[in-house]
Amino acid sequence: MLKLSAITAAVGGRLTGNDVVFESVSIDSRTLEAGALFVPLRGERYDGHEFIAQAAGRGAVAIMAEREAPGGLPVLVVKDTTLALGKLAAFWRAQFSMPLIAVTGSNGKTTVKEMIASILVRKGAVHASIGNFNNHIGLPLTLLGLGQNYRYGVLEMGMNHPGEIDYLARLAQPTVVAITNAASAHLEGLGDLVGVARGKAEAFHGLQPGGVAVINADDRFAAYWIARTHAFRTVTFGIDNRAEVSAQVTVSGDSQVMEITLPDESFELTLNLLGRHNAANALAAAAACWAVGCGAAEISKGLECITPVERRLQIKAGDRGACLIDDTYNANPASLRAAIRVLASRPGRHALVLGDMAELGERAEHFHYTAGRQAREAGIDHLLTTGPLARLAAEEFGASAWHFEAHEALINEARNLLTPGLTVLVKGSRSAHMETVADALTATQNHGAIAC
1 MLKLSAITAA
11 VGGRLTGNDV
21 VFESVSIDSR
31 TLEAGALFVP
41 LRGERYDGHE
51 FIAQAAGRGA
61 VAIMAEREAP
71 GGLPVLVVKD
81 TTLALGKLAA
91 FWRAQFSMPL
101 IAVTGSNGKT
111 TVKEMIASIL
121 VRKGAVHASI
131 GNFNNHIGLP
141 LTLLGLGQNY
151 RYGVLEMGMN
161 HPGEIDYLAR
171 LAQPTVVAIT
181 NAASAHLEGL
191 GDLVGVARGK
201 AEAFHGLQPG
211 GVAVINADDR
221 FAAYWIARTH
231 AFRTVTFGID
241 NRAEVSAQVT
251 VSGDSQVMEI
261 TLPDESFELT
271 LNLLGRHNAA
281 NALAAAAACW
291 AVGCGAAEIS
301 KGLECITPVE
311 RRLQIKAGDR
321 GACLIDDTYN
331 ANPASLRAAI
341 RVLASRPGRH
351 ALVLGDMAEL
361 GERAEHFHYT
371 AGRQAREAGI
381 DHLLTTGPLA
391 RLAAEEFGAS
401 AWHFEAHEAL
411 INEARNLLTP
421 GLTVLVKGSR
431 SAHMETVADA
441 LTATQNHGAI
451 AC
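Anchor point for the sequence shown: position 306 equals 306 in the working numbering, and the numbering is continuous, going up by one each time.
If you are wondering where the hints come from, they were derived from the structure by calculation, not from laboratory data.
Treat the hints loosely; a few may be bogus.
Calculated cross-link-like contacts (lysine-lysine; reagent style DSBU-like; alpha-carbon spacing at most 30 angstroms) [unchecked claim]:
1. K79 to K3
2. K301 to K87
3. K87 to K3
Pairwise CB distance ranges, derived in the manner of DEER restraints [said to hold, decoys possible]:
4. R363 to T270: 44 to 50 angstroms
5. E68 to G293: 45 to 51 angstroms
6. G348 to G398: 18 to 24 angstroms
If you're wondering where the values come from, they're calculated on a predicted model, not measured in any experiment.
C-beta: ideal position from N, C-alpha, C; glycine also.
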């Protein structure tokens, strides 16, 4: 609980009305709980200031807004509510000394965050960001959820333009920063892969004195990142290159057996996730948790109970006895390449159903042509695409590739391919809405069993 007067200076505001106590912060009048401070934000299609009356009706005790509001509630007037939300979150974060791990990277952020939370909860209560709350709005809301009842915090930091992670890191003031990788994602705002790597390094700008930087030794930018962590302790992880946290990985059906080596002990665990990239994600989580005092017992238990995040290489029973891999959460060239490797490793025949990959800038066409070549060289039997960019992948793939203008036509053709012994991978950026395709190809009745 906080008084408005306690945060006025922190947010650069001017208090009008009574100095009241608020118990929570909300930006949504529909889900606001009684006793909350309502913060109306401006978006491209809406202005939260239009919903102040609704917030008051649901029990808001005060408003932090860009203008005074009718209705009698106290108002903390600020110039920009989005920036003020961040300032409030930073103020609240500073009230706690708990270890806080921030995860960034082009791929694997949410998976690594969930892995870290699963490990840390073996030692105490964990406050983790919900879903992918990793931007200039989601991260402040996550920080505002911190409380004395938590022993640890873990959150994500995402970006699509330079300076974004710098801003987020300075709000969060993490004690540990983990960078999973740098890959070709959000190139429209970042220019090229070097721009991506540089943006990820901004995470160190908010790292607390004495903090720990967790670096992927297998990433081409490892040396670049390490050179920017001279003021901090560094812990490296990797499978291929020498690292302080490493592993030998053996695939076993739908699982991977990992023999993990920490700086002070070794142990074995079974990871119930597909793909070598998920083994690397597990090492990132292990390294970050080791940095805050976790050992083999907590790490192995935490990682072994992890299941796939929704629509991330999620194995489902497909229609007509086929096996479906739903990887429709998002897509970029690196995650697609990893998914193709997983698909190709499955027994039987293989089909890739691909939608456009977004935000790739000037090289978007190149990356889609490359995707078609990678699928062909991996031995994928069929490629079905939709979207103007994915069409290029079909052209490059050659025979046994089909392109469709609409999801409905693609779904109908994909259903014709479905037979026992076929594994179908469905993938695309969120804007491609490939989850509708995956859902249409999923068995409607599997009696709780995965038939693949």
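Given a hinted range of 44 to 50 angstroms, is it respected by the beta-carbon distance of R363 and T270? violated, 38 angstroms
Tell me if the straight-line CA distance from K301 to K87 falls inside 30 angstroms. violated, 37 angstroms
Given the hint that K87 pairs with K3, does the C-alpha gap stay at or below 30 angstroms? Cα-Cα ~15 angstroms, so holds.
Go ahead and decide if the range 18 to 24 angstroms is satisfied by the Cβ distance of G348 to G398. holds, 21 angstroms
Take a look at whether the Cβ-Cβ distance between E68 and G293 falls inside 45 to 51 angstroms. holds, 49 angstroms
Hinted pair, alpha-carbon criterion (30 angstroms max): K79, K3. Please report holds or violated. Holds, because 20 angstroms separates the two Cα atoms, which is no more than 30 angstroms.
Violated hints for the displayed structure, listed by number in ascending order: 2, 4.
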